[in-house]
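Chemist: So the sequences go chain by chain: A, B and C.
Start counting at 1 in the first sequence, then tack on 48, and there's your number in the working numbering.
Start counting at 1 in the second sequence, then tack on 33, and there's your number in the working numbering.
Start counting at 1 in the third sequence, then tack on 79, and there's your number in the working numbering.
Because the hints were derived from the structure by calculation, they are not lab data.
Bear in mind the structure is a predicted one, so any value in this text is a computation, not a measurement.
Check each hint, because a few of them may be wrong.
[Claimed, not checked] Estimated spans, in silico, between C-beta atoms of each pair: (1) His150(B) with Glu101(C): 16 to 26 Å; (2) Leu208(B) with Gly99(C): 43 to 53 Å; (3) Arg197(A) with Pro122(C): 55 to 65 Å.
[What the hints assert, rightly or not] Listed below are several chain A residues computed to face chain C (Cβ distance under 8 Å; list not exhaustive): (4) Leu51; (5) Leu58; (6) Pro121; (7) Leu125; (8) Leu127; (9) Thr158; (10) Leu161; (11) Phe165; (12) Leu176; (13) Leu202; (14) Leu208; (15) Glu228; (16) Leu231.
Glycine is no exception: its CB is placed at the ideal position from the N, C-alpha and C atoms.
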Amino acid sequence: MYLPATDPILMKLMVTGPFGVGKTTFVRSLSEIPTLHTEETMTAQGIPVDDTARIPGKTATTVAVDFGRLTLPGGDLVLYLFGTPGQRRFLPLWEDLARGALGALVLADTRRLADAFDAMDLIEEAGLPYAVAVNRFPDTPPIELDKIRAALDLDPATPLIECDAREREGCLDALIALTEHVLDRLPQETAP
Amino acid sequence: MVVIVLALLAGAALTAGPLLWSARRAAHTARAAEQRAADAEQRCAAAERRAADADNRARTATARADDAEDRAHGADTEARAAEAHRTVADARYAAAVRELGHLAHERIPAAATALNHPRTPVPGPLDTTGGTDELHHALDTALTAAVRAVLAERERTDAAARAALRGAASKIQALLIQVRSLLEEIQLSVDDPRLLALDFRNELTLRRVQSLAVLSGAWPGMTREDSPLAELCVGAQSRVAGYARIEITNHLREPRLAVAARAAEPVAIALAEILGNATAYSHPETRVVVSIEQGSAGALVVVDDMGVGMEPDQLERAGDLLDGQAEVLLTELGDPPQAGFAVVGLLCRQFGFGCRVEPSPYGGVRAILRLPADLLTLTDPAAPLSALAPRPITQTTPVFDAGDALPTRKRRSPRVPQQDAPSPLPSPAGSTPDRARSAWSALQSGTLAGRSAAHTSPGPEGPAAPEGVETP
Amino acid sequence: MTTPSGPRRRLVPAYLATQGRELAPGRQTLDRLSILHAAADLPAGLGGEHRQLWELVRPGALTVAEAAAHLRLPVSATIFIAADLAERGALQVRAPIPSAQPVNRDLAERLLSGLRALK
């Protein structure tokens, strides 16, 4: 649970997207620590609070910041994954968390693609490099990545990957694609 | 007179005999004399008659005068008697007017004041000997009627005020609880400490509204689950303006000791009022010392402040309010402490716990909240206590095992009974008083290994030192 | 036994950790990724939540965000507790590295090879 004693460098990636797109699952698939999230202490907004009404189960939306940790081999680099809601109303949160982040991974659900627009707008405004990962749900119709790329008006250089947020391998691939893209965007170090 | 006349006539005849004419004249004179005598006789008789008549009349007048005199005398007596009577009546009238004035200006206002302040003396009539029984009876009846009218009107006004307040307080309370939820949610994602300050202000406001809700007969606050007593105490602490001065020491032997769901929020509200009084009536640089104790018949929360304390009559009034016996009217509650005690008293009566106040050994007031066994239960051991709730000072298990095994977070188990894992412990979260009571008595009897099972085993480094025991 | 329905309603608010203060003490600014590690014995007079945080980071370092999640407190409240401990010398605080260093190719390359090595 604890950080390596080697004074590791901490790096940060954002995992964002609309509610229910699988951010928590994605982070959980990769994290070496139990995914820390605080939603269990949360209450719903607008719940009935009159005398007699019992609350019919939790109606809260998960606003909690899920985060997970991934210590890279060697122990001198620790990657933090922050799963944050990508709605514009969470802009302050987004700005806070995105500061110093290497890049962002946008999770999208093809059945409601438009829900991801807000998150992408935020990232683009923040000037953060990003990749889009389409989370494949069991009932997702066959995905045609080209059509999605067009619909999202993605830059040709922006990676678009398909993955299953429950599977570690695919999640890692998504992170690798994102990191490659980050690297591409960084200026070449000029030899002195 | 007749004799005299006759003698004169004889004398005249004798002397005037020689003279005839003289005789004739004499005869004539005699006749005239006779005539005059007859006249005289007639006149005499008439005079006699008149005299007799006058005499009669005089006698009659005398009689009448006597009669009038008698009557005058009688009238005089009567007048004197009447005068005496009138004086008495005047005196009574004046006395009655004085008594009425006294009733209107002194007795009725005093009786009305005494309804709110039982120690107000209500004066009796001014003159207990002067008036008649009837008067005093009538005055007393008037006084009683006036008091009854005041009471009825007061009750009516208060009921109307309570109804109006109840509606408003419930609405505001619901909104503030929503604000609380929103703030709680935002705090998880936004790290600005001003959100914490805002949350605190909201909680202070909510407490005010909750106490008004209780006073107006609305449902107190919100429903809760069985709630650990230590959390309830800290929760109550958080609702008080001077909460940083409040030091809570947890002396519970059983850290999972909890207040049953139905009384959880009422206990928190009552305790917040007690702590509110303690902080409001003590110097801002003194501590308010709270001790959570586990007795043999229940649990106690003892609150001591180092303020100026209360006068015996204030203590007595507070005791009446806390017993839930004293009638509580909104119109009586100008004073914050009285509102506080009234709230506590109402909750005590409704939910079956108790509270009393007495002089504190610290110099201020000591309030003791008593929670009977039937309101107590045990919570699910899987549900961790808030990090901000004080651990029992006798509990030696560190919160996080600190050995070579890394601390791990336990995911909360759903709050459903686990059929396949029978526990020797009484079932937590007893939902009925009976179950709670049996859980309690099982715990008290010490026949169960409840305590050892309730604690996680200490880590390899051994138990951590107990938290510093605050010696007050 | 009935199962209580609905979310458990908050009883203990996080602002208690501020002890009435508007700002956390000390000059060091803590944020989500500041790294906390116990540095010395727990000073006398600090108990409760301070002890819990101190015990939590005694065996090893954690970020504020992780510590907060373990304590089940918001980051903002955890910062007050950590700052109290840091001020008394009981806690070592290290500034978050990502914001201290600009992202450079070297780091990104190390990350990339690290991720590939995990496969």
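Chemist: Does each hint hold? Answer for all of them.
Modeler: Hints versus structure:
1. Range check, His150(B) to Glu101(C): Cβ separation about 43 Å, and the 16 to 26 Å hint is violated.
2. In this structure, Leu208(B) and Gly99(C) break the distance hint of 43 to 53 Å, their C-beta atoms being roughly 25 Å apart.
3. At about 58 Å, the beta-carbon gap between Arg197(A) and Pro122(C) stays in the expected band of 55 to 65 Å.
4. The interface hint given for Leu51(A) holds, since its Cβ lies 4 Å from the closest Cβ of chain C, which is under the 8 Å cut-off.
5. Taken as an interface hint, Leu58(A) checks out: its beta carbon lies about 5 Å from the nearest beta carbon of chain C, inside 8 Å.
6. Hint status for Pro121(A) relative to chain C: holds, with the closest Cβ pair at about 5 Å, below 8 Å.
7. Residue-level restraint check for Leu125(A) holds (minimum Cβ-Cβ distance to chain C is 6 Å; threshold 8 Å).
8. Taken as an interface hint, Leu127(A) checks out: its beta carbon lies about 7 Å from the nearest beta carbon of chain C, inside 8 Å.
9. This hint is violated: Thr158(A) has a C-beta 25 Å from the nearest C-beta of chain C, more than the 8 Å allowed.
10. With a least beta-carbon distance of about 27 Å to chain C, the hint placing Leu161(A) at the interface is violated under the 8 Å criterion.
11. The beta carbon of Phe165(A) is not positioned within 8 Å of any beta carbon in chain C (closest approach about 26 Å), and the interface hint is therefore violated.
12. Against a cut-off of 8 Å between C-beta atoms, the interface hint on Leu176(A) is violated, since the closest Cβ of chain C lies about 10 Å away.
13. The interface hint given for Leu202(A) is broken, as the beta carbon of that residue sits about 21 Å from the closest beta carbon of chain C, more than 8 Å.
14. At about 18 Å, the closest approach between the beta carbon of Leu208(A) and any beta carbon in chain C exceeds 8 Å, and the interface hint on this residue is violated.
15. Taking 8 Å as the C-beta cut-off, the interface hint given for Glu228(A) holds, the closest approach to chain C being about 6 Å.
16. About 5 Å separates the beta-carbon of Leu231(A) from the nearest beta-carbon of chain C, less than 8 Å, and the hint is met.
Violated hints, in rising order: 1, 2, 9, 10, 11, 12, 13 and 14; the structure is consistent with all others.
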